[in-house]
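Work out the full structure, taking the sequences as your base and the hints as a guide.
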Amino acid sequence: MQPMTENVKPRAARTRATRLRIVRAATELFVANGYAATTLEEIARRAEVAVQTVYFHFGNKRTVLKEAVDVAAVGDDEPVPVLARPDAERARAEQDPRRAIELWTEFGREILTRVGPIMNVVRDAAAVDPDMAAQWAENNAQNASAFRVLATQLDAMSALRVPVDEAVDILCALSGLDMYLLLRSRGWSPQRWERFVVDSLAHALLTTDPATPD
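Going letter by letter, the sequence shown gives residues 1 to 214 in the working numbering.
In short, the hints are calculated from the structure, not lab data. In this text the structure is predicted, and so the values were computed from the model without any measurement. Worth double-checking, as some hints may not be accurate.
Cβ-Cβ distance ranges computed for the label pairs, FRET-style [stated by the list, open to error]: (1) Ala144 with Ser185: 19 to 25 angstroms; (2) Thr207 with Glu41: 55 to 61 angstroms; (3) Ala12 with Ala133: 32 to 38 angstroms.
Just so you know, even glycine gets a beta-carbon here, dropped at the ideal spot from N, CA and C.
Shown next, in the form of structure tokens:
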């Protein structure tokens, strides 16, 4: 008889692969058809699983969408939070204020490029669906917490020209999803958005911006 651990690992891998297949199928359908128009039955068909399998792993449609947002945010299904990712660690360790803004904004651009389409679905559905309104509010709160990390980092360098709370507000306005989606809808590339945000944040937040002549 084989040791139990040899059987558990493949089973866990299969379970994880099934969940990810469901999430990817759901993401495609949510983006293409919207949240309200997408059913768990359609997700199951796209993922090539029984609808009971979707219910077993997620229970309801809102949980599927929440997982889709989480996977899009980090780019995979590894159980590692966004702020514990190597790019975030590198940005957090930066001691030059403008360079810190550049690194955080580059990291944010990569996240928004992935998560923008599915979060656009959440935003549209939030106006009429209480579950989606709660999801939208939760994501906004998470973003504000992440922006506070940068604001606190700049404050610790004595580089911040405004109070930390005000800096968080400015970061939410300029670096947040709403501005990103607006400018993307106006034809801006993610790279153009990134350059604009870096320059705007450096001007609005830093006591001295070395890229700007006195």
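### Query
Which of the listed hints are not met by the structure?
Violated: none.
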